[in-house]
Amino acid sequence: MRNLRSRSKLILILIAAVGITMVSGSAVVWTFAEEGSGLPEGFKKGELPPLPPAEMIEAGKRVYFTKCVWCHGVDGAGDGPSADRLWPRPRNFNQGTFKIRHTASGEL
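Counted from 1, the sequence shown has number 518 at position 97 by my numbering; the numbering is strictly sequential.
Hints were generated in silico from the structure; no laboratory data involved.
The structure displayed is predicted, hence computed values, not measured ones.
One should not assume that every hint holds.
Using 20 angstroms as the maximum straight-line C-alpha spacing, the simulated DMTMM-like pairs for lysine to aspartate or glutamate come out as follows [what the hints assert, rightly or not]: (1) K488 / D505; (2) K482 / D505; (3) K488 / D500; (4) K482 / D496.
Across the chosen pairs, the derived CB separations fall in these ranges [stated by the list, open to error]: (5) N515 / V444: 39 to 45 angstroms; (6) F486 / R510: 16 to 22 angstroms; (7) L507 / M443: 52 to 58 angstroms; (8) R510 / I434: 45 to 51 angstroms; (9) R510 / T442: 37 to 43 angstroms; (10) A480 / G446: 18 to 24 angstroms; (11) W491 / L435: 53 to 59 angstroms; (12) R510 / K430: 50 to 56 angstroms.
Backbone N, C-alpha and C define an ideal beta-carbon position, used for all residues, glycine too.
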């Protein structure tokens, strides 16, 4: 009987701890949602930003085809001519996983 009571108390304490953790986590998320994410208003509403000027797009293409294509390939699939000789392998930009970094700044 005594063992059952102490087990019940332990379960009650664990449930309370989980509940408090969930409520406090929700409060943090709610607070940050109220403050905003620092993104422009259009991003918050799901609207696409306007396209950059054509000369900026062309400048980006020139940089990519001068500096990046050798490792990342023409289509950004990480299959450039030098890709087989690199570790870590170049990212496949088509997968959308380039947002999570695996390579420290200045490592390459």
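Hints and how they fare:
A threshold of 20 angstroms between alpha carbons decides the hint, and for K488 with D505 the separation of about 17 angstroms falls inside it, so the pair holds. With a CA separation close to 23 angstroms, the supplied pair K482 and D505 exceeds the 20 angstroms bound. Only pairs whose Cα atoms come within 20 angstroms are accepted, and K488 paired with D500 is accepted, the gap being roughly 14 angstroms. A hinted pair counts as satisfied when its Cα atoms are at most 20 angstroms apart, and K482 with D496 qualifies at roughly 12 angstroms.
For the hinted restraint 39 to 45 angstroms between N515 and V444, the CB-CB distance of approximately 41 angstroms keeps it satisfied. Roughly 20 angstroms separates the CB atoms of F486 and R510, a value that falls within the hinted 16 to 22 angstroms. For the pair L507 and M443, the supplied restraint of 52 to 58 angstroms is violated, since their beta-carbon distance comes to about 44 angstroms. For R510 and I434, the hinted distance range of 45 to 51 angstroms is satisfied, since their beta carbons lie about 49 angstroms from each other.
A C-beta distance of roughly 39 angstroms is found between R510 and T442, which places it inside the suggested range of 37 to 43 angstroms. Restraint check, A480 to G446: a C-beta distance of roughly 44 angstroms breaks the suggested window 18 to 24 angstroms. Take W491 and L435: their Cβ atoms lie about 56 angstroms apart, and the range 53 to 59 angstroms holds. Checking the proposed 50 to 56 angstroms range against R510 and K430 shows it holds: the Cβ atoms sit about 54 angstroms from each other.
This entry does not satisfy hints 2, 7 and 10, going by the numbered hints stated previously.
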